[in-house]
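K.L.:
Protein chains in written order, with this note's numbering: chain R, -3 to 655; chain F, 33 to 209; chain Z, 731 to 884.
It is worth saying that the hints were derived from the structure and are not from the lab. Remember, predicted model here, so these are calculated numbers, not experimental data. Incorrect hints may have been included.
Stated by the list, open to error - Pulled from the structure, derived: some chain R residues nowhere near chain F, Cβ distances all over 12 Å:
#1 33
#2 192
#3 227
#4 296
#5 413
#6 479
#7 517
#8 541
What the hints assert, rightly or not - Taking lysine-lysine pairs in the PhoX-like style, the calculated list, with each CA pair at most 25 Å apart, reads:
#9 Z/833 with Z/812
#10 Z/877 with R/337
#11 R/441 with Z/732
#12 F/71 with Z/732
#13 Z/757 with R/560
#14 F/161 with Z/770
#15 R/536 with Z/757
#16 F/71 with Z/809
#17 R/527 with Z/757
#18 R/410 with Z/877
#19 Z/812 with F/161
#20 F/55 with Z/833
#21 Z/812 with R/510
#22 F/161 with Z/809
#23 F/71 with Z/812
#24 R/510 with Z/770
#25 F/152 with F/86
#26 Z/757 with R/263
#27 R/337 with F/205
#28 Z/877 with R/111
#29 R/527 with Z/877
#30 Z/877 with F/161
#31 F/161 with F/122
#32 R/223 with Z/770
#33 Z/770 with R/441
Yeah, the Cβ is synthetic: ideal placement off N, Cα and C, and Gly gets one too.
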Amino acid sequence: MIPEIGQFSLILAFCFAIVQGTLPLMGVWKNQATLTNLAVPAARAQFVFIVIAFICLDYSFYANDFSVLYVASNSNSHLPLAYRLAALWGGHEGSMLLWVSILAVWTMAVTMFVKDLPESFRIRLIAVMGMVSIGFLAFIIFTSNPFERLIPAALDGRDLNPLLQDPGMVFHPPVLYMGYVGFSVAFAFAIAALLDGSLDIAWARWTRPWTTVAWVFLTLGIAFGSKWAYYELGWGGWWFWDAVENASFMPWLVGTALIHSLAVTEKRDAFKVWTVLLSICAFSLSLLGTFLVRSGVLTSVHAFATDPGRGLFILIYLIVVIGGALLLFALRAPTVGLGEKFDVVSRESMLLANNVVLVAAAGSVLLGTLYPLLMDSLGAGKISVGPPYFDAVFVAIMAPGLFLMGLGPLAKWKKASLPEIGTRLRVAAVISVFSALLIPFAMGKITLMTAVGVFLGIWVVSTTLILLRNRIKTRQAATPTLLENIKGIPLAFYGMLLAHLGIGVFILGVTLVKGYESEQDVRMEVNDVAKVGNLSFLFKGVQEIAGPNYLSSQGTFSVLSNSKEITVLHPEKRFYPVQGSVMTEADIQPGVVKDLYVSLGEPLENGAWSVRIYIKPFVQWIWAGAIIMALGGILALSDRRYRIVNRKAAKEAQEAFEA
Amino acid sequence: MNRMAKFLIPLALFLIAVGFLFKGLFLDPHEVPSPLVGKPAPVFQAPILGEVGKTFNSADMKGQVWLLNVWASWCGACRDEHPVLMDMAKTGQIATYGLDYKDTDAEAQAVLAANGNPYKKVATDADGKIGINYGVYGVPETYIIDKAGVIRYKQIGPITDEILFTKIVPLLKELQR
Amino acid sequence: MKKLLILLLLALNIFFSTNLAFAGEAKPLAEDPVLEARLKAMSQELRCLVCQNTTLADSSAPLAEDLRKEIREQLRAGKTDKEVIDYLVARYGDFVRYRPPLKASTVLLWLGPFALLLIGGFGLFLQLRRRQTMAGDAPLTEEEVRKVRELLNK
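Chain R on its own, in the form it takes in the complex (with noise of 0.2 Å):
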C-alpha cells in the first residue's frame, strides 16, 4: 500500500510541476493573475508530495519491503537501521528521487525567501525551477521507477554495496546533491533575467547568496566524498579524478568562477552577459553530469546501472533545458549593455582573469573527461584519460590562477597600479620563495613540484594576511579600538579572506602529502616491528569478530613511539556474506601533521599477514581546507547585506513610521 501511495504521490507531483512550470509563464505573457498566481501554490504542492513519495520509500526500507524491487535490490534485514534508510539513495532509482527531492527543497526555499523581486520575474523564476522538475519527475515516473513491484516478494534484499555500509553514505549525497542541484536556483534567475530583461546590479545582488549556498554545500560534499573515499577504499587515495568525481567538480570551478562574475556585475553592472553565461553552464555541467554516470556512456566507479534508453531520454532533456537556455542566451545577449567602466588593470579585471583560468581549468577536466569517448565516435582508436593527464594539465593551468589570487584582492575598483600592489605584496613574496625552499628541505628532499605547491599555498595564505592586516591599518583613522575596528569590518570580507585561506591550506595539504606521502608493504607475523621513520608498528595479531552483517579479520597493531605506546591501529579484512564481497577496512590515526594508516593485506602462512603501512604528512589539511572555504562561504552568506531578518525590520520600521 505505501508504495502505490508513494508511487502516485510522484505522479501527482509530476501534474503540480507542469502547471507550475507552464501556466504562470503563460501568466506573465498574458498578464493574467489567475494564471500567475499557481506558481507557489503548485510549487509548494508539488514539494509535499515529493517529500510524501520520500517517505514511503524510506518507509519501505525501515520495514524491509522486500516487495519492491529496488529495496530488495539494495538493502537486507540484517543491514543497520542508518544504512537501511541512507540505502534509498544507492542505486539509481532511488538517487533520482533524491534529486528531485532535492530540487523541491529548493523550489520551496525560493517560494518562501524570494520576495521583494518584481512580481514578473519572482514568477519565472518559480516557473523555471518547475520546468527542470518536470524533466526529471518524468524520467523517473517513466523509466526509473523507485516503487515498482517484485512478485513474488524476496525472502530478502541483495544487501547494499559494503562499500557503501558507512557514516559516508549517509551525508555525502544528499550534502553532494544539495550543491549539484542548487546550482538550479542561478540558472533559474539566468533563465528569468533574460526573458525579463532585467539584467542589471539588483539581479546579480540577488543571484548571489543563493548561488554561495549552493557553492558551500558542493565544497562540503565533495570534500566529504574525497575524505570517504580516503578512509574507505584502503589505498590512501582522495582522488581519483573519475568521471564522476569530475563531474562534481566542474560545477565547482565554475561556480567559483560565477561568485566571483557576480562580484564584478554587482559592483559595476558589467560583463552580466558573461555572468548569466556562467549561471547556465554552471548547473549544466550538473545536468551534464547526471547524464555521464547513467547513460553507460564513460566507466566510472560510481555508475549506476547504465542503460542507453535512459541515457537518451536525458540527452533529449539535456538538449530541451540546455539547448533552450543557450537559444535564449544567444537571441537576448545582444540586447544587454555594456555597464560602467573600469581599468584594465583594477580589481574587476583581476576577478575576470579569475574567470578565464577557472573556466580553462574546467574546460581541461571536461576535455579529459570526454576525449576518450571523442576519439571512440571518430574511430581514432581508444584511450584513458586518468591521474597522470588531469594532474599535469590541471594543475598547470591553475598555478597562474593561484598567484593571481594575490594580487586580485589587493587592486583597487576601477583603476590599480600593478607597482603599488607590488610593493604591498614584496613581504608575501620573500615569506613564499623562503618557504618554498625551506619546508621541502625540512621535509627531506626539494622537487620543482613540492617547492611551486608551497610557494603557491604560502602565497596565498600569506598575501590574504597582508589583506587584513591593511584594512585594520586603513581603518586605524576612523576607530577608536583594535577590537571596534575588526568588528566593523564586513563579515563578507572575513568571508573572503577565509575561503582565500582555505584555499592555501588545501594547496599544502595536497603539495606536502603527495611530496612526502610514503608505502611500506611488509610482511608481519605476529609480535614483528615494522619501523617507519621513528615509528615502531608492533603487529600483535589477528582475531575474528562478529559484526552487525559481516565477519571480521581485525588486526591489532601497537604504534610506539620512542618505547612509548602513542595509538593502537585495528585495521580489518571483513566479510559480507549476502554479496559474498571482501572489504579492507583500514585503520588511520589522524594528525595535523601527519596520518598514520595502516590497512591490512593477505593472510599468509604461519598467522602472518602482507601489512600496508603508510605515513601521510599533512593530508587532514586538505579537507580543513575545504571546510574553512566552506566556512568562508557561510561568513559572507551572514553578512548584513543579506539578512533577511534585516530587511524585515527596516520594513516594519518604515510601515511603523508611515503610520
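Once you have looked at the hints, place chains F and Z on chain R.
P.N.:
Using the frame of chain R, we list chains F and Z on its own:
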C-alpha cells in the same frame, strides 16, 4: 548580425558535444579493441590437452585459416558460446583450436566431456602468459588467423549466431580464397 | 640573528620531518624494493583492463596480478620502463595507459586547455581595451540609485 553570431557559439559548442554524446550511447566504453589485428599472431608452443608429452606449435598452422578460441572451465559465458562452437565444428569447414586459459587439465576435460569437444586441438595456458601475449583480458575471446599467420579479427566476448553469420563466416570465406 | 634562524630551521625541521627507513624485523614484502618501486610507479599509470576504474597497481583482479608479475619479470630481465610499456601497449592498445601518449590524435587533448587559457586571457584583454574606448554606460543616475535602493529595501 555579426554581434549575434558570437553569442551563438556556446549553443553551437553544446550541440557538437551532444552529437558526440549521442554517438556514445551506441558505443561500449569497456571494450578494448585489439591492436594485434592486422599483425602477425604471436608464435607459441604449449602442451596439448589430453595428449601427454605432445606440444602444439602455432607456427605449424601457417598455410591454413584457423580460429583460436580462448576459454576456461570456470567461465560462464564460455558455456553460452559452446553450442555455437559445436555447430561450427560440425560444418567441418571451420578449424577451431582452443586455448585453455588459466585452468586445470582435469576441469577442462570434464567440461569437454560433458558438453562436447568442438576443438581440433586444445592448447593449455595454465599461467596465462600466452594470453597476455595475445592481449587477452577476459574470456571468451576468439582470434581469426589467416594463412599467413596474421590476426585478421578478434571477437571479444562469446560468439553468437548473429556474429557468426554476419562477421565470422563472411571473413572466413574471404580468407579461404 | 643567525642563531635564531638556525633554531627556527631546526624547529621547522623537527616539525615537518618524516624520514623513513627500511629497518626492523618486519621484512619488506617484495624481494627487491628498488624494482618494486619501479613497478609501482609504472603500474600506477597503467589501467587495469578488468576493473577498468582502478590502476594496475591497486587492482586485485587476477589479470592485474598476472600483468604485475609479467612486468616484474621483464624489469628483472633488465628491460627499461619504456620497453615494458611498449610491450603492453602493443598488446592492449593505448587504452592501458592512463597518461595518454602525445600523438596527432591527442594534440587537442594536451594542448587544448592551454590554448583555451591563452585565447581566454587574450580575449579578455582585448575586450577590456575595447571598453576603454567605447562609451561605457554612465554610472547610475541619482534617480536610478534611489529606485534600486527602494527595491532592495522593500
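K.L.:
Next pair to validate is residue 161 of chain F with residue 809 of chain Z; report whether the Cα-Cα distance is within 25 Å.
P.N.:
17 Å, holds
K.L.:
Are residue 161 of chain F and residue 122 of chain F close enough, with their CA atoms no more than 25 Å apart?
P.N.:
With Cα atoms ~31 Å apart, residue 161 of chain F and residue 122 of chain F exceed 25 Å; violated.
K.L.:
Looking at residue 413 of chain R again, its CB stays over 12 Å from all of chain F?
P.N.:
32 Å, holds
K.L.:
With a cut-off of 25 Å on the C-alpha distance, tell me whether residue 770 of chain Z and residue 441 of chain R pass.
P.N.:
20 Å, holds
K.L.:
Do the alpha carbons of residue 71 of chain F and residue 809 of chain Z lie within 25 Å of each other, as the hint requires?
P.N.:
Since the Cα atoms of residue 71 of chain F and residue 809 of chain Z sit roughly 23 Å apart, the hinted pair holds (cutoff 25 Å).
K.L.:
For the pair supplied as a hint, residue 833 of chain Z and residue 812 of chain Z, confirm whether the alpha-carbon distance does not exceed 25 Å.
P.N.:
16 Å, holds
K.L.:
Regarding the pair residue 161 of chain F and residue 770 of chain Z, is the alpha-carbon distance no greater than 25 Å?
P.N.:
21 Å, holds
K.L.:
When you check the alpha-carbon spacing of residue 527 of chain R and residue 877 of chain Z, does it fall within 25 Å?
P.N.:
72 Å, violated
K.L.:
Could you grab the alpha-carbon distance between residue 410 of chain R and residue 877 of chain Z and see if it respects the 25 Å cut-off?
P.N.:
24 Å, holds
K.L.:
Decide, holds or violated, for the assertion that all CB atoms of chain F are farther than 12 Å from the CB of residue 33 of chain R.
P.N.:
34 Å, holds
K.L.:
Just checking, residue 192 of chain R versus chain F, shortest CB gap more than 12 Å?
P.N.:
18 Å, holds
K.L.:
Does the claim that residue 541 of chain R lies outside the interface with chain F hold up, using a Cβ gap greater than 12 Å?
P.N.:
32 Å, holds
Of the numbered hints stated above, those contradicted by the structure are hints 4, 12, 26, 27, 29, 30, 31, listed in ascending order.
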